[in-house]
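Sequences listed follow chains R and Z, in order. Here our numbering = 1-based position in the first sequence + 7. Here our numbering = 1-based position in the second sequence + 7.
Honestly, I wouldn't trust all of these hints.
[Unchecked claim] Okay, the calculated beta carbon distance ranges per label pair: (1) Z:Ala-78 with R:Lys-35: 31 to 41 Å; (2) Z:Gln-198 with R:Lys-35: 39 to 49 Å; (3) Z:Glu-74 with R:Ser-37: 39 to 49 Å; (4) R:Asn-81 with Z:Ala-206: 51 to 61 Å; (5) R:Glu-128 with Z:Arg-61: 40 to 50 Å; (6) Z:Ala-206 with R:Lys-122: 53 to 63 Å; (7) R:Lys-35 with Z:Ile-265: 52 to 62 Å.
[Stated by the list, open to error] Taking beta-carbon pairs under 8 Å as the criterion, some of the chain R residues facing chain Z (in silico): (8) Ile-53; (9) Ser-64; (10) Leu-66; (11) Asn-69; (12) Ser-70; (13) Leu-73; (14) Leu-78; (15) Glu-89; (16) Ile-111; (17) Asn-154; (18) Met-155; (19) Ser-159.
Just so you know, these hints were derived from the structure itself, not from any lab. Virtual Cβ for every residue (Gly too), placed ideally from N, Cα, C.
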Amino acid sequence: MQTKEMIFLTRDEVKEIERVVEKNYGAKFSLKEFAVAKGKEEKIWISSKEIFDFNLSKLNVNSFGLNFGKLKRNDKIHLTIEGSQMVGKLATKNLVVLDEENAIKFMQGPDVKPKEEVNCEYHNFVIVKYKDKILGSSLLTEQGLKNMTPKSRRIPLIL
Amino acid sequence: MVVDLERYEKIYKNFKETLKQPFLPIWHVRVNTLKISLKEAIKFFEEKGYEYERIPWIEEGFWVKTEENLAKSLEHMLGYFFIQNASSMIPPLILGPKKEDLILDLCAAPGAKTTQIATMMENKGVIIANDITYKRLKVLRGNLQRCGVLNAIITKHFGERFWKLGLKFDKILLDVPCSGTGQLKERIFQQTSLTSIKALSNLQKRLIFSASKCLEENGILVYSTCSIEPIENEEVIDFAVKNLGLKIEEIELDLPSIPGLIEFDGKKYDESLTKALRIIPSQKTEGFFICKLRK
């Protein structure tokens, strides 16, 4: 089953994504309960199983399900805010914690310095956390967190 | 020529007075239980020191009083809640989506009701969320993503031609484009004429025709508008009852409403229209029209 731009993945292909997630975030996150598809630019989309069984051929489909993340070179994955919220609860590595001031700043767009780093590798994507809230994922370098929050999800600087 | 407000005095008592009173400075919030629980939401309101009141007809709905801009808060950006007028939370409740349903939301953008339907279905089943322009689909996709919706397929078709695809649905939400006069904004009344209302009514009739063709036998269609204008409401339903084999069903919810009209401005409508609801415009609710139909 597929549309012009999104192709459902086989169980083996899905297992490969689970492996990349575990390798990068130390999370045994199962995608078994979802239908998983790959779209343009290596984007991974997940949806309810019922969507997999639905005949999409008659429809002019714009997208379906949720953007989970984007596969990157060298076995890496940049998770969306929603992907991070799903994986983040189980993550044991590449996790950074922010304080309140930097959490707000992070959601406004600028680069920030983490308060705490949990088993982090530099130049890899890390899940960003503030208290019990998962804020998304971003690239960690020696200089700090390079902000990658989508513009549509940012808190405007002037409220 | 702009629409004469006297017209609406015949429907609602003191309509012109109501129009002068602004909406209360409160946020209408629906907690997105796909991401947080009601308990967590209440804890958040209390920790922030917000005054809140439950919206009587929906467990996840709250009127929240705060000077802060909730639409630009961290929690909103993370998808913990949706800012949506209390009246607009009613149509999905009447549709009553179940986990196993196949649902069509024919005019879905910006997606407030679509995300509510997904929540009620616990992200199971399938929702076809349709709209017509890329601009509207972009907003819809953004909101479905923010709320963590997994069971929606976003499609781009003209609603009035959707029936030609030959698909059938258990339940259809038809929240049509309308004049928006229920929002009680003076600007809207200044821009609305009977001619523009009649043009909208024609489109609404074409949309309900299309929706009725997409409905399974015994399926449910909920028609709603945020307009108080009978030409966009009772007249469209009267057309559907008399021409499309749809029957109006009773709505069993306790709401601040009056029954649909069976006569207005010299026109007579089907008597079963008394089962439709007009949500009374007030400082806490937009004027809304809602009708539940079965094929």
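Hints and how they fare:
In this structure, Ala-78 of chain Z and Lys-35 of chain R meet the distance hint of 31 to 41 Å, their C-beta atoms being roughly 36 Å apart. At roughly 57 Å, the beta-carbon separation of Gln-198 of chain Z and Lys-35 of chain R lies outside the given 39 to 49 Å, and the hint is violated. At roughly 44 Å, the beta-carbon separation of Glu-74 of chain Z and Ser-37 of chain R lies within the given 39 to 49 Å, and the hint holds. In this structure the hint that Asn-81 of chain R and Ala-206 of chain Z lie 51 to 61 Å apart at CB holds, the actual value being about 57 Å.
Against the hinted window of 40 to 50 Å, the Cβ-Cβ separation of Glu-128 of chain R and Arg-61 of chain Z comes to about 47 Å, which satisfies the hint. Ala-206 of chain Z and Lys-122 of chain R have their C-beta atoms about 58 Å apart, which keeps the hinted 53 to 63 Å range intact. A C-beta distance of roughly 56 Å is found between Lys-35 of chain R and Ile-265 of chain Z, which places it inside the suggested range of 52 to 62 Å. Interface hint at Ile-53 of chain R: satisfied, since its Cβ lies 7 Å from the closest Cβ of chain Z, which is below the 8 Å cut-off.
Using the Cβ-Cβ criterion of 8 Å, the hint placing Ser-64 of chain R at the interface with chain Z is not satisfied: the shortest such distance is roughly 10 Å. About 5 Å separates the beta-carbon of Leu-66 of chain R from the nearest beta-carbon of chain Z, less than 8 Å, and the hint is met. Proximity of Asn-69 of chain R to chain Z holds as hinted, the smallest CB-CB distance being about 4 Å (cut-off 8 Å). Look at Ser-70 of chain R: its Cβ gets to within about 5 Å of chain Z, closer than 8 Å, so that hint holds up.
Given hint, Leu-73 of chain R at the interface with chain Z, holds; its Cβ is 5 Å from that chain's nearest Cβ, closer than 8 Å. Interface hint status for Leu-78 of chain R: violated, as the beta-carbon distance to the closest one in chain Z is roughly 18 Å, over 8 Å. Restraint check, Glu-89 of chain R versus chain Z: the minimum CB separation of about 5 Å is within 8 Å; hint holds. Annotation: interface hint on Ile-111 of chain R holds; nearest CB of chain Z at approximately 7 Å, less than 8 Å.
The closest approach between the C-beta of Asn-154 of chain R and any C-beta of chain Z is roughly 14 Å, which is over the 8 Å cut-off, so the hint fails. A cut of 8 Å between beta carbons decides the hint on Met-155 of chain R: the least distance to chain Z is about 14 Å, and the hint is violated. The interface hint given for Ser-159 of chain R is met, as the beta carbon of that residue sits about 5 Å from the closest beta carbon of chain Z, less than 8 Å.
Comparing the model with each earlier hint shows violations of hints 2, 9, 14, 17, 18; every other hint is respected.
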